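> Residue numbers (the working numbering), protein chains in the order written: chain A, 133 to 609; chain E, 18 to 129.
All the given hints hold, so there is nothing to weed out.
In silico DMTMM-like pairs for lysine to aspartate or glutamate, Cα to Cα no more than 20 Å straight-line: (1) Lys491(A) x Glu61(E); (2) Lys445(A) x Glu61(E); (3) Lys374(A) x Glu67(E); (4) Lys491(A) x Glu67(E); (5) Lys495(A) x Glu67(E); (6) Lys219(A) x Glu61(E); (7) Lys219(A) x Glu587(A).
Quick list of simulated restraints, FRET-style, between CB atoms: (8) Gly54(E) x Leu570(A): 51 to 57 Å; (9) Ala559(A) x Arg66(E): 27 to 33 Å; (10) Thr40(E) x Gly444(A): 44 to 50 Å; (11) Ser122(E) x Gly581(A): 54 to 60 Å.
It is worth saying that the hints were derived from the structure and are not from the lab. From a predicted model like this one, the values you see are computed outputs, not experimental measurements. From the three backbone atoms N, C-alpha and C, an ideal C-beta is built for every residue, glycine too.
Spelled out, the chains give:
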Amino acid sequence: MGMRLVFWLTLVLASFCPPLLAQTAAPISPATTGLAPADAARIAKLEQQVAEAHSAGDNAWMLTSAALVLMMTGPGLALFYGGLVRKKNVLATMVQSFAMMALVTILWAFLGYSLAFGPGNSFIGGLHNWLLHGVSLQPDPDYAPTIPAQTYMVYQLMFAIITPGLITGAFAERMKFSAMLAFMILWSIFVYDPMAHMVWGKGGLLNAALGGKFPCLDFAGGTVVHVTSGVSALVCALYLGKRVGYPRDAMPPHSVVLSFIGACMLWVGWFGFNAGSALSAGSLATSAFVATHFGAAAAVIGWVAAEWIRNGKPTVLGAISGAVAGLVAITPAAGFVGVPAAMCIGLLAGAFCFWMVAKVKAKFGYDDSLDAFGVHGAGGTLGALLTGIFAASVINPIFKDAQGNVLPSGLLEGNARQLLNQFVGVAIAWVLAIVGTLVILKVVDLTIGLRVSEEDEVQGLDLSQHGEEGYAFDVTA
Amino acid sequence: MTKVEAIIQTSRLEAVKTALQETGVEGMTVIEVRGHGRQKGHTEFYRGREYTVDLIPKIKLELVLADAMVEKAVAAIIGAARSGKIGDGKIFLSKVEDAIRIRNSERGESAL
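Given only the sequences and the hints, what does the whole structure look like? Please build it.
What follows is the structure, given as structure tokens:
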């Protein structure tokens with residue numbers, strides 16, 4: 133009886149020991165340790181399993197993050213924007229975001245991923261990965277060494293989906309659905325893909341992680357997503373002109389309730405957007421998650437305080453807009469800053485974007501209907517520049533010299549040059565957005581025509597473009 | 018037969034309904050309306066822009082009553098709806114030519 137107990141105990145203990153041994157980093161071979169070949173083979177297999185477990189953790193987080201980012205578009209952005217327009221345009225506004233989920237996805241498979249992340253030159257990828265050829269379930273070590281390349285691809289797709297969706301805020305309530313679809317296809321190919329390639333693609337001019345010539349610190353897409361879409365939004369608003377009756381007629385949001393729900397989904401989803409950009413489930417993801425959250429909270433306070441002081445009452449729309457502004461601004465900085473810097477960035481973004489939306493827009497008189505430029509363009513630009521100031525190598529040692537020593541990241545750490553690189557990145561985003569958008573608008577305008585007729589605009593896009601009503605609360609049962 | 022149209026504050030609806038039922042009024046129509054008399058509206062703020070809302074939500078009650086009931090009903094409405102401030106509303110009386118019960122084609126005061 134006693135011997136059997138000893139036997140089973142030994143067996144159980146022995147089955148727990150090997151994982152402890154497997155935590156050593158150096159591969160074990162009979163030559164180095166004098167172990168029998170069978171034991172060396174077992175240990176090698178265990179090392180592989182540990183690596184697989186590590187990958188499984190990263191992949192789980194990355195797939196979750198991809199889902200969170202998609203949720204930001206649908207229904208996050210759809211609700212946020214949908215609530216801000218007049219009732220007669222609610223469906224048309226929401227479907228503009230939804231259409232991106234379908235359209236950009238298909239485009240990504242054929243062309244988008246390859247142009248953004250395939251091998252090419254400093255400005256654009258190529259057609260190597262046409263129809264996702266070569267994008268397998270094995271990791272692509274240049275991008276994310278512990279997750280399948282397809283995970284990386286689908287994660288990036290969610291960014292490609294939401295970015296054009298943001299622009300729809302500028303031309304809300306007056307753009308033809310067909311023209312919008314054409315515009316978005318061209319914008320995604322000619323503005324988004326090159327910008328994504330420059331900042332994140334192999335060989336990209338601005339790629340800080342892969343040795344770009346002007347390394348721009350953009351953790352989750354301050355320039356790629358927010359500056360490009362925000363500036364394009366301004367161009368669209370100016371080109372398309374004001375809505376019929378703007379600014380004389382009152383056009384308040386028809387449902388701040390919907391916008392509230394959308395904004396909260398955006399905040400939660402943004403953890404996938406920023407913390408997922410760590411491309412792993414490790415401590416950098418934690419750092420980005422934390423910075424994101426504190427940045428958002430500080431921005432709510434910034435916007436609400438500014439509004440309370442200026443207008444006498446803190447509005448709910450202001451509070452949620454503040455959160456979005458902070459999330460935008462922290463996007464490029466998320467994986468490079470700690471909590472105090474994140475709160476600074478958030479507070480400044482909240483107040484700054486409030487000023488852009490409440491004062492600057494009224495002063496210049498452009499009809500950026502849902503403040504895509506005021507929040508994303510301006511907030512993204514501010515965030516990208518503040519990243520150059522606040523980035524800390526102690527959070528993320530992204531720059532190293534030839535010997536592998538860590539170099540300072542941002543201005544406050546002693547790297548003044550980084551602010552210049554941030555300017556370069558932001559400037560390229562602005563120029564690409566302006567030029568690209570203008571050309572595309574002109575092309576679409578000449579072929580299809582951009583704006584709905586005045587009759588259709590007054591009737592409302594839900595009826596005129598889609599033959600539907602958002603709310604059929606009829607008297608008849 | 019007289020039609021009584023009363024525009025009252027939305028918060029007074031329950032009190033007015035109860036008061037009318039106590040006088041014996043058996044039917045009424047309630048409509049949500051917007052409007053203003055001399056009452057000023059209010060301002061709302063969205064994204065820093067000020068919007069003046071001068072059409073204020075109110076409740077409109079419509080009653081068609083036998084002439085003998087009218088003054089009692091008017092008194093009940095006033096008693097329940099009056100707060101003493103601007104915005105209390107108004108009552109309009111008008112003559113009704115006829116009333117017909119759909120169920121059995123009855124006409125006149127017995128159809129009320």
